[in-house]
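Enquirer: Spelled out, the chains give:
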Amino acid sequence: MDTKLYLIKQGEIALKGQNRNLFEKQLKDNIKSKLRPYHNVFSRQKGRMFIEIDQSAPLSHIKHALSTTFGIVGYSQALRCSKNMDDITQVALTLSHQSEFIDGISTFKVETVRADKGFPLTSYEISAHLGAAILQEHPQLKVNVRTPDRILYVEVRDKVYLYSSQTKGLGGLPVSSAGKAMLMLSGGIDSPVASYMMAKRGLKQEAIYFHAYPYTSDEAKEKVLSLAKILSPYLQGLTVHVVPFTECQLYMKAHAPEEQQTLIMRAAMVQLSEKLAMQRGCKALITGEALSQVASQTIESLNFTNSMASLTVLRPLVGMDKVEIIDIARQIGTYETSILPYEDCCTIFSPKHPLVKPDVEFMRESYFSLNLEALIDKALQEVETVFL
Amino acid sequence: MKRSYFDWAATTYLAREALERYNEVATLYWANPSAVHADGKQAALFLQEQRELSAQLLDVDSKQIFYTSGGTESNSIIFNSLLWKRTQGEIIISSLEHASVSQYTRLLEHHGFTVHVVKAKDGYIDLQHFESLLNENTQLVSLMLVQNVLGTIQPIKEAVQLVRSQSKPIFVHCDAVQAVGKMPLQLENLDVDAASFSSHKFEGVRGVGILYLKKGSIEALSRGGNQEGGLRPGTENIASIAAMNTALSRTVHSLESDLIFLKELREIFEQELKSYSPIKVIHPYKERDVVASIIHISVVPIPSEVFARVLSDKGFDVSSGSACSHNSTASSHSLLLASGLSKKEAHSSLRISFGHRTTVDEIKALAHTLIETHQQLHLAIGGRTRGH
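Same order as they appear, the protein sequences are chains A and B. When we follow this note's numbering, the leftmost residue of the first sequence carries the number 1, and every step to the right adds one. When we follow this note's numbering, the leftmost residue of the second sequence carries the number 1, and every step to the right adds one.
Bear in mind the hints are in silico, worked out from the structure with no lab data behind them. Please read all numbers here as calculations on a predicted model, not as lab measurements. Treat each hint with caution, since some may be false.
What the hints assert, rightly or not - Here are the computed distance ranges between Cβ atoms for each label pair: (1) A:Lys283 <-> B:Gly382: 52 to 60 angstroms; (2) A:Lys352 <-> B:Thr359: 37 to 45 angstroms; (3) A:Glu382 <-> B:Thr359: 32 to 40 angstroms; (4) B:Gly112 <-> A:Gln331: 38 to 46 angstroms; (5) B:Pro278 <-> A:Asp218: 21 to 29 angstroms; (6) A:Glu382 <-> B:Lys274: 54 to 62 angstroms; (7) B:Gly40 <-> A:Gln331: 36 to 44 angstroms; (8) B:Arg106 <-> A:Pro139: 56 to 64 angstroms.
Every residue gets a Cβ at the ideal spot worked out from N, C-alpha and C, and that includes glycine.
When you get a sec, could you build the whole thing from the sequences and use the hints?
Expert: Printed below as a string of structure tokens:
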């Protein structure tokens with residue numbers, strides 16, 4: 001099989017102790033599922049993972065797979081040869097003619113890692129030898145060991161691996177290595193970013209969205225599904241549960257005191273999310289709440305909504321300001337969709353003067369006096385599930 | 001489900017005879033009218049005949065007819081041509097204008113012009129305020145004839161008389177896009193210097209319209225060939241022009257009977273709604289003040305979009321704002337406020353527009369469905385019981 005060889009740097013996983021194998025296996029599975037349908041073979045060496053991928057796999061496909069997988073800090077396409085200085089020199093010269101090495105540079109250096117200490121030359125000697133050969137081949141170039149335009153990396157292991165450019169990966173831990181959580185996904189800017197940040201810590205996710213047609217539009221639902229589609233590669237696929245929430249919302253509007261309505265609605269959403277989370281084997285909830293961003297996100301309000309969940313509620317944005325959140329949203333590609341003008345909550349459900357410092361016990365009493373259980377269970381039974 | 005279309009002001013059906021005319025002309029006169037060969041000449045001759053037909057239908061001279069891509073382009077040609085002026089004077093528009101006019105404010109101000117916006121009172125431009133804005137520096141006045149959301153007929157004739165009483169000649173442009181087929185129209189009588197028309201508002205095809213220019217020349221919006229006397233370069237859209245004329249011809253020739261019928265529909269509609277006070281017709285029908293076929297109603301306290309969504313589910317297409325720019329609730333909202341509606345009314349209003357193909361049964365069914373839907377939604381979001 002003609003193949004392309006890729007070298008993967010794993011970062012944090014390499015620091016793991018006894019569980020390291022589990023993390024590496026998860027990373028391998030995650031990458032493999034994205035490289036489908038192209039045949040690929042994995043091999044592992046200390047701190048490195050090598051993948052040989054069928055030559056017919058398009059570069060864009062490989063790049064997308066490796067750039068959206070958590071657990072990879074960097075990757076490079078590499079060349080491999082036997083541990084023989086003539087062969088190594090030959091491959092180094094081949095690589096030196098490739099555009100990703102030679103284009104737009106005037107200085108370079110060779111950096112060698114000698115994992116196999118039995119190799120007769122030292123790292124320094126290998127670098128010096130290859131540097132001289134490249135200088136002879138490209139007399140216009142100069143060596144600069146401090147700030148070179150390009151570095152040729154040489155790693156002497158079971159074989160010798162050479163590569164020049166390195167693409168940065170997302171870092172973090174492989175998705176699913178930390179289990180699964182239920183993401184409360186709205187059409188806004190925050191929740192997709194929260195999802196991304198928890199995926200970075202290895203959480204597989206399912207998402208829940210509350211749809212209140214006709215008070216929110218089908219376009220708002222489509223927007224949420226579009227966001228889920230953008231998040232899907234980072235999460236190794238995403239299942240979205242669309243909850244028909246109209247009946248619940250109308251009931252709460254009719255029966256809860258106006259100033260409490262936003263909090264009561266949040267509490268019902270948390271309760272419903274937790275029920276679904278438990279059914280689906282999720283071990284936590286994720287929300288995009290940031291402290292004091294809106295009335296329902298003051299510390300008092302969070303204390304109340306938190307009290308509705310027995311699972312841990314993860315709020316990765318809690319200490320971030322909006323500008324920081326927007327920066328990440330742009331980077332992961334959700335921002336443009338999030339700002340589309342389809343509201344996920346109708347104005348008739350937003351009180352003019354919502355409570356900002358609720359008393360937890362008072363609110364819990366108020367909430368439970370509404371007896372929402374039956375409506376919540378009915379909504380759960382009518383959930384529409386979409387796989388993305 | 002049978003659907004009833006009540007959004008004629010956004011766009012009309014395409015008349016069957018206009019489509020047939022399009023097919024016929026596109027097959028017969030396919031050659032480029034600028035070419036010297038026989039087929040080209042034949043196309044040029046046909047185009048001239050069409051120009052004469054347009055002129056005859058609008059009761060103007062054929063030299064005053066310039067074909068464009070529609071209302072937006074016709075308006076844009078007028079406003080962009082100002083940028084070529086050596087002195088930057090004052091421009092007057094009204095707060096009721098379509099976005100294709102009002103959105104020019106920023107550009108004109110950027111280029112040193114002063115743009116005055118005439119206030120509106122109860123859906124009509126305030127003539128006193130208008131008069132106070134006129135002065136010797138006024139270069140252009142642009143006012144619309146029929147307001148596209150409210151259906152109010154603006155006092156253009158009176159406004160032009162005020163303009164003509166000034167010591168210096170001032171160019172007057174009129175956006176007449178919504179007037180065709182909805183009221184008697186005599187350009188000579190209006191005494192404007194330019195007027196914009198759009199084919200798809202009177203059952204013609206999309207992408208074609210007319211700029212009427214009384215005399216003189218103005219700068220083109222785009223650069224290119226000498227088509228349309230250099231005012232609108234680009235190979236002429238002959239088939240669309242002919243189809244537009246077919247539709248215009250029908251509209252003009254049956255205007256009298258159409259207006260009687262539209263008035264009858266309007267009266268039936270208002271009569272049906274009379275017994276239900278929560279729905280209010282903002283500008284009840286009054287000949288010469290409001291066109292019969294655009295009705296603006298308030299459905300307080302139901303948000304416009306929610307109401308329109310439910311009506312759509314019941315088979316009725318109505319507009320929750322100006323449909324020209326997608327999701328333009330915000331801009332039509334400010335327009336409604338500017339025309340004297342309360343915040344509540346602006347938040348909860350619908351535009352119902354119809355045409356000669358609408359039936360009595362349809363308008364009755366719409367009125368009944370409006371009442372039924374209002375009752376249903378009002379009950380759903382209301383009926384609050386404060387038990388806490």
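Enquirer: CB of glutamate 382 of chain A to CB of threonine 359 of chain B, is that within 32 to 40 angstroms?
Expert: holds, 38 angstroms
Enquirer: Evaluate the given range 56 to 64 angstroms for the C-beta pair formed by arginine 106 of chain B and proline 139 of chain A.
Expert: Holds, at about 58 angstroms.
Enquirer: Taking 54 to 62 angstroms as the hint, is the beta-carbon distance of glutamate 382 of chain A and lysine 274 of chain B inside that range?
Expert: With Cβ atoms ~40 angstroms apart, the hint is violated.
Enquirer: Taking the Cβ atom of glycine 40 of chain B and the Cβ atom of glutamine 331 of chain A, is their distance within the range 36 to 44 angstroms?
Expert: violated, 55 angstroms
Enquirer: Are lysine 352 of chain A and threonine 359 of chain B spaced within 37 to 45 angstroms by their CB atoms?
Expert: holds, 43 angstroms
Enquirer: How does the Cβ-Cβ distance of glycine 112 of chain B and glutamine 331 of chain A compare with 38 to 46 angstroms: does it lie in that range?
Expert: The hinted range 38 to 46 angstroms holds for glycine 112 of chain B and glutamine 331 of chain A, with Cβ atoms some 40 angstroms apart.
Enquirer: When you take the CB atoms of lysine 283 of chain A and glycine 382 of chain B, is the distance between them in 52 to 60 angstroms?
Expert: violated, 41 angstroms
Enquirer: Does 21 to 29 angstroms hold as the CB distance between proline 278 of chain B and aspartate 218 of chain A, or does it fail?
Expert: Since proline 278 of chain B and aspartate 218 of chain A have Cβ atoms about 27 angstroms apart, the given range 21 to 29 angstroms holds.
When held up to the earlier numbered hints, the structure conflicts with 1, 6, 7 and fits the remainder.
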